[in-house]
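Novice: Chain Y is already provided as a structure; the job is to place chain U on it using the hints.
If you read the sequences in order, they're chains Y and U. Per my numbering, the very first residue in the first sequence carries number 566; after that it's consecutive. Per my numbering, the very first residue in the second sequence carries number 68; after that it's consecutive.
FYI, nobody ran anything at the bench for these hints, they're computed from the structure. There could be a bad hint or two in this list.
Computed, partial: chain U to chain Y, Cβ under 8 Å [stated by the list, open to error]:
#, residue
1, Lys200
2, Ile355
3, Gly358
4, Ile366
Glycine included, every Cβ here is placed at the ideal spot set by N, Cα and C.
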Amino acid sequence: MNLFFQQIINGLTLGSIYGLVALGLTLVYGILHIPNFAHGALYMVGAFMSYFFMVDLGAHYWVAMAGSAVVVAILAVLCERLVFHPLRHSPPIHDKIAAIGILLFLEAVVQMFWGSDFRRMSSPFTGILNFDGLIIPEQRLLIIAGAFVLVVALQLFLRKTMTGATIIAMAQSRDGAFLVGIDANRVAMMTFAISGVLAAFAATLYAPINLVYPAMGHLVIMKAFVIIILGGMGSIPGAIIGGMIIGFAEALGGFYISTSYKDIIAFGLLVLILSVRPQGLFAKGAH
Amino acid sequence: MFKFASLLMTPAAKYLMLAFAVLFPFFAANEYQVYVMATAFVWAIAVYGLNIITGFCGQLNLAHGGFFAIGAYTLGLLTADYGWSFWPAFVAALVMAAVLGFLVGIVSLRLKEHYFAIFTLCVGFIIYLLIDKWEELTHGAIGVRDIAAPYGFGVVDFTDTTPFYYLVLAFLVFAIWFMGRLSKSLLGRTFIAIRNGDELAQSLGINLMRNKVLAFVLSTTYAGLAGALYAGMVRFIGPDEANINHTFDMITYLLVGGIGTIMGPLLGTVGIVWITQSLQFLEEYRMIIFGPLLVLLVIFFPRGIAGSFLTWMHRKSQALGSGKKHKESKVNTVQPREAESNA
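Same shape as in the complex, but just chain Y:
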């Protein structure tokens, strides 16, 4: 039974990380209708920035996390300004190709500076909590708590502040938002910044129990796409629920079915679901 609970904790951890990455992706999609393939690269840069601040500059874990969030947010805004903004009237295929271009570029730059080795990042939370035989590493607990706090904070920001409301308005109706005088550029930049911050936080939280390397974003971003398709593109609750579904499917599937095929589970699930429902699980209509 304990082993089962262990897998529940693993599922929650994975689900939290996937949920955070998918949240950023779904926000950007909701506003700009861009599937940002470069989001995984932002996640990867987030991990490397934290690594850089911690190992090379000797900063504390929290400071490193904040610093990396700032850097990635700026990077995300730059992507919006320099790439996606000029492409706003192009056919959708161009956005996707440009996003792939950014992804390739960021990966190559990181590889040039840090090489393609796998690196280990430490965290001050190395302890292990023991609840009557149920063992939970502190870092995993931190991930779950951190994701929860971030999601609540994001919800408060979107629902309770004026700036947050402009993002929601823009996602609901572009034309409606213009009519009431919302500045589309500002909203677009802010959305990208938030998605970057979420990616950096997710990466920094997850890096201590995983490894840091230039290709680390590939699997995560693909799973995040699976998640937002499951949850409906642009839907915030959908991203969180979808993240949990994939997290649990992977943790339980990896334990009870096969570890080496655990990465296929998410994609198999996607193929299965889209074969039956081409518009996704919770979406109202396909775009």
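Specialist: Chain U alone, transformed into the frame defined by chain Y:
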């Protein structure tokens, strides 16, 4: 200048390019250059496949590298593990790529735009993971060795580089010829109509699903063909052939050359392969240049070398007026693309 340019697009220019390709082994400095050119041609065949589904039909297929690997692995495993000889295995590789393409196509093409791109991205990754993890069948990370080389029925020996080069060239010429025919045919125009607008095409009575699946199967067959040739040439393959980066490379080649054009895939592939070859230090970091290049291209020159050239020619011929106009406006795919970019 214009006269020179218009010469480039005449059939004579194509024969000139063909003559260059045929004579290339004779003035190449060494065998390695011939080998590089053959590799470029193999990739070009795959890029032509991508051009059908992405360039003509407008669906961004991110599983293309996966189908390339399926072609390569089908040939590799059949010859190395099951004792097939080259040509039957070669045909089997094409059939395998087409059949799997059909199966993936009927599921994935029900999805539109972003959903399709994301779905195929996942399919590409599933193919990679299966090749990497299914060790009983694919040998996993060790890869497949001892792949048979094509036999020349006692006439030629394809284990040498130069005869193999001509073999690849023959397939490439066929691939381009087929593409040219396709683009002029009703089917090709149907694909372009789908690219320019799903709903409009449907309202014209075009069966979207049937045509998209057909385009997809054609494209995966091209990929399988390229993969099989690659396996026969390199004779050692690993899971890396299915790496998503190959798909990204092919998108770069296609975009640089000119998406949706006839000569674009060839120009883009051969051009970039040689640039990367001559700048060896770039090999590892080439994406630092090609990443931003991709972005700049879609922003400023979304039609690539061949496409920009054709547009320019088209404008020129219109400016020159009646005489040539009639002939030049037949340069296909320019008008719909212009219509699209103006929309």
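Novice: Confirm or reject each hint.
Specialist: So, going through the hints one by one against the coordinates:
Hint on lysine 200 (chain U) holds. Least Cβ distance to chain Y is approximately 5 Å, under the 8 Å limit. The criterion of a C-beta within 8 Å of any C-beta in chain Y is met by isoleucine 355 (chain U), whose closest approach is roughly 4 Å, and the hint holds. With a least beta-carbon distance of about 3 Å to chain Y, the hint placing glycine 358 (chain U) at the interface is held under the 8 Å criterion. Interface restraint check for isoleucine 366 (chain U): the shortest CB-CB distance to chain Y comes to about 5 Å, inside 8 Å, so the restraint holds.
In terms of the numbered hints stated before, the structure departs from none.
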